[in-house]
Amino acid sequence: MENTSLKETIRLLSELIQNKCVNPPGNEMKSIQTVQRILHEHDIESQVFESAPNRGNLVARIPGTGSGPKLMFGPAHVDVVPVENVDAWHEDPFSGIVKDGYVWGRGAWDMLFIVAAQVQAFIRLHEEDFQPRGDLILLVVCDEEALGKYGAGWMVKNHLELVKTDYAVTESGGMSFAPGKITFMSGEKGLAWKRMSFKGESGHGSMPFGRDNAIVKMAKAVTRISNYNPPITTKYLRDTADGLELGFVQHLMFTNPWLLPLTLNRFKSQAPTLARYMYSVSRMTISPNIANGGVKVNVVPEKASIDLDIRPLPGQDNEYIMSQLRQALGPLAEEAEIEDLPSDEGPFMSIGNSSPSRSDFVDAMEKAVRNEIPNATLVPLIFPATTDCRFLREVGAEVYGFSLFDPETGVHDLSHGVNERVGIKTLDLTQKVYYHLARDFLK
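Using the numbering used here, you'd call the opening residue of the sequence shown number 954 and step up by one each time.
Treat the hints as calculated values from the structure; they're not laboratory data.
Nothing here was measured: the structure is a model prediction, and the numbers come from that model.
For every residue, glycine included, the Cβ atom is placed at its ideal position computed from N, Cα and C.
Please note: incorrect hints may appear among the correct ones.
For each label pair, taking beta carbons as the anchor points, the in silico distance ranges come out as [claimed, not checked]:
hint, residue 1, residue 2, range
1, R1177, R964, 48 to 58 Å
2, E1114, W1211, 24 to 34 Å
3, P977, R1219, 39 to 49 Å
Here are the simulated lysine-lysine pairs, DSS-like style, with alpha carbons at most 25 Å apart [claimed, not checked]:
hint, residue 1, residue 2
4, K1320, K1396
5, K1378, K1134
6, K1110, K983
7, K1378, K1052
8, K1378, K960
9, K973, K1102
10, K973, K983
11, K1102, K983
12, K1170, K1249
13, K1221, K1188
14, K1117, K1102
15, K1221, K1134
16, K1152, K1170
17, K1256, K1173
18, K1170, K1256
19, K1320, K1378
20, K973, K1052
21, K1173, K1249
22, K1188, K1134
23, K1134, K1320
24, K973, K960
25, K960, K983
26, K1249, K1152
27, K1117, K1396
28, K960, K1052
29, K1378, K973
30, K1173, K1152
Generate coordinates for the entire structure from the input sequences, incorporating the hints supplied.
Below you can see the structure in the form of structure tokens.
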């Protein structure tokens, strides 16, 4: 029989899914007010900040009794991505239905189950009259799916005094890599969107000979970029291999830069998801994702461009990115105009960032997991995309992706996918590890 706490967590998760805070446009204030109402029912005060019309963020706090470290549950985002093909779902994607041991719906996995689990752990500690040595902060935000300008980024920029923390736990992590080996996210790659443009000579399409075709140049550039291999670094794979306690040969396959390409070729067919991950976290990646050029089928194009999704590792700045692009292009570099991808909100770049893969706080996270899975050890991973973690790391916090999936039912990694869902046992385990972590680390 599910306990009362778990039932409340399931109800909250279902309601958050039903609120349908799809970004864009977001309209997250509905879910922010849901969380505020739940907290109020348990006599917990919270502050809500509207960063844009109908877009909000919430902060609640259990004050510390002394000068101990501050710990944050969050940033936990309530916005979700759109559903492209409703007919492909087994259940209504915004029903929040509980079926077959899962809560179904868009955002269940990313990351509404963590919002619900953190809120419930926070409530439990409050009701136990927990007296932490440092503040315990709950931060629920909007807009993570659109890079966080109105969510965590806005809170750090406008209310840093309320969200400044020493440590934070948020989305990702908690998967069982091997028996007793539980992952957590210690860092993330950066993000740079670039536009690469080429000029040519316009003319009638019936007489192309001798003309400088901008699309041909662009095609050559795409080929060179696709064939280019940025420098390999195995630092983050080494941290993972150490955490997994791999044998000598397997460790070499993960960490030797000369053997890694052979490992990737082997895994490409046997374990394609693992191969893609290992490739992504061992180098900067450059993906040409949008091409534009030409005005009419019978006109030789004088302009063409490609938009690049570039994901640098921690420590790889814009200077590094530009040098790698020029190296990839070779002789075409002189003809390419490279700029930040234009947008209504200006150019965007996020520097890759990370927190220590071993620390006293990581030890506390591991201890919290062992309350549920005896003798478990944590294995650090680098997240290959960009999250709200960067905003808190930029102001000095150690931030980790930390939860706990049920090893028996599997992960069902359907983030942003069809039939997104999360197991009830996972929901229960996650709220428990947050509770254990805060209680033991801040006591």
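Here is what the structure says about each hint:
Checked against the given bound of 48 to 58 Å, the beta carbons of R1177 and R964, roughly 54 Å apart, stay inside it. At about 50 Å, the CB distance of E1114 to W1211 disagrees with the hint of 24 to 34 Å. Taking 39 to 49 Å as the suggested C-beta distance range, the pair P977 and R1219 conforms, at roughly 41 Å. Distance restraint check for K1320 and K1396: the Cα-Cα separation of roughly 14 Å lies within the 25 Å cut-off, and the hinted pair is therefore satisfied.
For the proposed pair K1378 and K1134, the alpha carbon gap of about 18 Å is at most 25 Å, so the pair holds. About 23 Å separates the Cα atoms of K1110 and K983, which keeps this hinted pair within 25 Å; it holds. With a CA separation close to 13 Å, the supplied pair K1378 and K1052 stays within the 25 Å bound. Taking the CA atoms of K1378 and K960, the gap is about 12 Å. The hint holds against a cut of 25 Å.
A threshold of 25 Å between alpha carbons decides the hint, and for K973 with K1102 the separation of about 20 Å falls inside it, so the pair holds. For a cut-off of 25 Å, the pair hint linking K973 to K983 stands: about 9 Å separates their Cα positions. Only pairs whose Cα atoms come within 25 Å are accepted, and K1102 paired with K983 is accepted, the gap being roughly 18 Å. Taking the CA atoms of K1170 and K1249, the gap is near 18 Å; set against the 25 Å cutoff, the hint holds.
Between the alpha carbons of K1221 and K1188 the distance comes to roughly 21 Å, so the proposed pair stays at or under 25 Å and holds. Taking the CA atoms of K1117 and K1102, the gap is about 17 Å. The hint holds against a cut of 25 Å. For the given pair, K1221 sits about 23 Å from K1134 by alpha-carbon distance, which is consistent with the 25 Å threshold. Of the pairs offered as hints, the one joining K1152 and K1170 holds, with about 8 Å between alpha carbons and a cut-off of 25 Å not exceeded.
Taking the CA atoms of K1256 and K1173, the gap is near 14 Å; set against the 25 Å cutoff, the hint holds. In summary, the hint linking K1170 to K1256 is supported, as the alpha carbons are separated by about 10 Å, within the 25 Å threshold. At most 25 Å may separate the alpha-carbon atoms for a hinted pair to count; K1320 and K1378 meet this at roughly 19 Å. Between K973 and K1052 the CA atoms are separated by roughly 19 Å; this keeps the pair inside 25 Å, and the hint holds.
In summary, the hint linking K1173 to K1249 is supported, as the alpha carbons are separated by about 21 Å, within the 25 Å threshold. Under the criterion of a C-alpha separation no larger than 25 Å, the hint pairing K1188 with K1134 is consistent with the structure, at around 19 Å. Taking the CA atoms of K1134 and K1320, the gap is about 13 Å. The hint holds against a cut of 25 Å. A C-alpha spacing of about 21 Å is found between K973 and K960, which places the hinted pair at or below 25 Å, so the restraint holds.
Pair hint K960 plus K983 holds up; C-alpha atoms about 21 Å apart against a cutoff of 25 Å. Our distance criterion of 25 Å between C-alpha atoms is met by K1249 and K1152, whose separation comes to about 16 Å. At roughly 20 Å between alpha-carbon atoms, K1117 and K1396 fall within 25 Å of each other, so this suggested pair holds. Among the hinted pairs, K960 with K1052 is consistent with the structure: their alpha-carbon atoms are about 14 Å apart, no more than 25 Å.
Between K1378 and K973 the alpha-carbon distance is near 24 Å, which keeps this suggested pair within the 25 Å criterion. The straight-line distance between the Cα atoms of K1173 and K1152 is roughly 13 Å, inside the 25 Å bound, and the hint therefore holds.
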